[in-house]
Amino acid sequence: MRGLKSLTSLAAGSALVLSGLVASTSSATATTTIAQCQASFKSGHLPLVSAGKLTVASDINNGLYQPWFGANGNPSTGKGYESALAYAIAKDLGITSKNVKWTAEAFDSSFAPGSKNFDFDINEISVTTDRAQVVDFSNSYYNVQQSIVALKTNAIVKHHSATELKNYTYGDQIGTTGLDYINNHIKPTKQVHVYNTLDEAVAALTAGQVDAIVVDTPTGQYMAAAQIVDSKNKPLATQVGQFPSTGEHYGLLFQKGNTLVGCVNAAIADLTTKGTIKSLQSQYLGIYTKVPKLTPIQP
Amino acid sequence: MGRRAAVASSLSSALIVGLVVWFFWRAPNGANVRHFFLDPHSFWINLTGDPSRSLFSILRCFETNVWMFMLCEVLVLIFGLGLAWLRLSRTPILAPLRVASAIYTDVFRGIPIILVLFAVGYGVPGMQAGWISQRTPITYACATLVITYSAYVAEVYRAGMNSVPNGQVMAAKSLGLSDVQTMRRVILPQAIRNVIPPLLNDFISLQKDTALVGTLGIVEANQAAHVFGSMEFNYTGYTVAALLFLALTIPMTRYTDHLIAKDRRRRLAGGAA
Amino acid sequence: MSTVISAQNVRKRFGDHEVLRGISVDLAEHEVVCLIGASGSGKSTLLRCLNLLETIDEGDIVFRGQSLTDARIDPNLVRRHISIVFQAFNLFPHLSVLDNVMLGPVRALGRPRDEVKAEAMQLLERIGLAQRALEFPDRLSGGQQQRVAIVRSLAMKPDVLLLDEVTSALDPTLVGEVLDLLTDLARGGTTMLIATHEMNFARNVADRVIFLHDGEIVESGTPQQIFDQPRDAATAAFLSRVN
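Top line first, the protein sequences correspond to chains B, R and L.
Here the first sequence is numbered in my numbering, starting from 1 and rising by one per residue.
Here the second sequence is numbered in my numbering, starting from 1001 and rising by one per residue.
Here the third sequence is numbered in my numbering, starting from 2001 and rising by one per residue.
For the record, the hints were derived by calculation from the structure and aren't laboratory data.
Remember, predicted model here, so these are calculated numbers, not experimental data.
Check each hint, because a few of them may be wrong.
[Said to hold, decoys possible] To list a few chain R residues with every Cβ distance to chain L over 10 Å, as calculated: (1) Asn1029; (2) Trp1067; (3) Phe1079; (4) Val1116; (5) Ser1174; (6) Leu1175; (7) Val1186.
[To be verified] Cut-off 30 Å, straight-line C-alpha distance, at most; resulting in silico cross-link-like pairs (DSSO-like, lysine-lysine): (8) B:Lys53 x B:Lys290; (9) B:Lys274 x B:Lys42; (10) B:Lys152 x B:Lys53; (11) R:Lys1262 x B:Lys190; (12) B:Lys79 x B:Lys91; (13) L:Lys2117 x R:Lys1262.
Ideal Cβ placement from N, Cα and C applies to all residues, glycine included.
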């Protein structure tokens, strides 16, 4: 399901933001400090939809999945990367865990324009320029990396130096960051196969029509572990490795113009400094971070 | 049809074209639509391509459509003829093949080509049955077009052969021509002449259906336009692809009409050959 | 005189209808025989059976002593020797007059083009159409087309020429030129079996006249005998209707 949600995010955005295009989406970040934010919460000046409480949205009704949430799909356990991060941000702003309230927001409607009944939404939402037209985003809480998925039997599993990577036939879905990554960073010598849907690209991979596809690490992890399997559910594919991030990231989503984004960015910066984010990532996102690193030839 | 009629028809044509252009220009959202489909800058990028933005040159991609079409057309003409011939054969030994040919044409005329494309393009390589499963997507795409269009063209041939009067067959046989000679020298030349217009229609469809093979990941003109559309939110690429297709189909239509007219003149005038 | 072709007790049915009911007829070398009878009496069917365009249900057809109902016989080989001319000409519209005449000898007999072409031109010369050799059939009148069709059969140098009411589809003013050609051929010794409604022609040209009625040979004899002293009442009735 994790992978499917990511598919939706790719499709819905149509054009994901290209590397370097995503800038900070709030003007308040530069000057706001975490101390100022804690003070304004205490004085009741922090702009929250429900006074004294942090209302956090996620796609509760469609199910929440590991490793982003706990095993039972309940967001209020503080288990899983996104749940734990939401509580960490609240705590950093001085909000106690019992004052963190969860609310349901479907993935597809989250980045639609209009007023929101939550302070922020945390749901593996990729930041794109399109979406940033109608909603605001926090700074990155997870940098999405592109990874190579291939059949276990393919030569690319063993031979994937920067020069060797050029010699394979790649396939990918039209309009995706992965396709862009192939063209701009891997620059293969053979024509890339461009499919209308990711499912078709996966079918081509399974049929041996392409050597590899490039998708973000979480999607690729799901593909290799659960999607590309034989008739006995045994995985046929493997995640060969992942490339350095080119700027695509997940951000917390806010109603357009919500000034709270400044304090949340301050909290994210503070948690990064204190090493909290890094330890949460290693605690929960190990299946992604442990994917071997690949280096393409830099342009 | 005198001068007055010519003037009247030119005037009415100009009026109709003018009305269409006017409507297109003055429609409430006309400017947006024009930008969406006819943006000059996008037009140029679509022609030349821009590798740094993963944008393909539709002109280069269209080469794929052209050679696919030309190769498939020849193969379709041959396979279609074979199918029609089998279906019309009266030799008892060929009876099972006659039935098979009838089933084949019914089946492949009845299945949307995109489904055949999926079955061949993903099914055959997925079987991992050695050589036949290790072809390129473009090979499977061509195979699909040939499989499907042979069925259409076989029916066209068959209609053409049936349109040749039985007396022609009788006359050929009474001269001692064999079945093959009768087909080759008497039936086919007349049948093909009768079916050039419907054959041409099928070929124009075939040309256009080369735009479907993007389903197998092949970046031909339509898929290249699709890539542009999804990256830039602009459909000018489709306009470019459409113009390229027109540039191919219109001369072909004209040329065939010319051939038909020339043949008619030759027969009426007699003797020049 | 030796027999070229003979039908022996031939029966032919189309569904329930028996078109030929035990026909026996011999054709000798250089003989001209006219088949007369009402439409539907079986004349055309008999000619087609002799040419193997139709299969027979009973009886036999013997060509120069060989049975043609033998399954090992290749009908295409037989038809090179027994040529038929149709009421509707059936010229090939996509071929020039010359190519119509040359097709059989070149393709079926595999003879050299140059040689065939010279012969074909001679034949066309004979019917006065040499200068139209390169035209297409639809530029010719019906009479001209039918003469080309006859010449097309002659180019095969057949042992027997079968003619199936070759003037019936023609404008009355054009009938004469075709009959003149046939008269000419008869004098030249061509073996012919002619189904016709032209009684005067039959009387003048035929060595023998056969009257067919309801798929049976009612009467057969010299033209004088058939036309002047018909023995059978059916023959007399038919002749009184057509004259």
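Status of each hint after checking the structure:
1. Asn1029: holds (56 Å)
2. Trp1067: holds (32 Å)
3. Phe1079: Given that every Cβ of chain L is farther than 10 Å from that of Phe1079 (chain R), nearest at about 24 Å, it holds.
4. Val1116: At about 36 Å from chain L, Val1116 (chain R) clears the 10 Å cut-off, so the statement holds.
5. Ser1174: violated (5 Å)
6. Leu1175: violated (3 Å)
7. Val1186: violated (6 Å)
8. B:Lys53 x B:Lys290: violated (36 Å)
9. B:Lys274 x B:Lys42: Distance of about 22 Å is within 30 Å: holds.
10. B:Lys152 x B:Lys53: violated (49 Å)
11. R:Lys1262 x B:Lys190: Violated: Lys1262 (chain R) and Lys190 (chain B) sit about 46 Å apart, past 30 Å.
12. B:Lys79 x B:Lys91: holds (15 Å)
13. L:Lys2117 x R:Lys1262: holds (27 Å)
Checked against the numbered hints above, the structure breaks hints 5, 6, 7, 8, 10, 11 and satisfies the rest.
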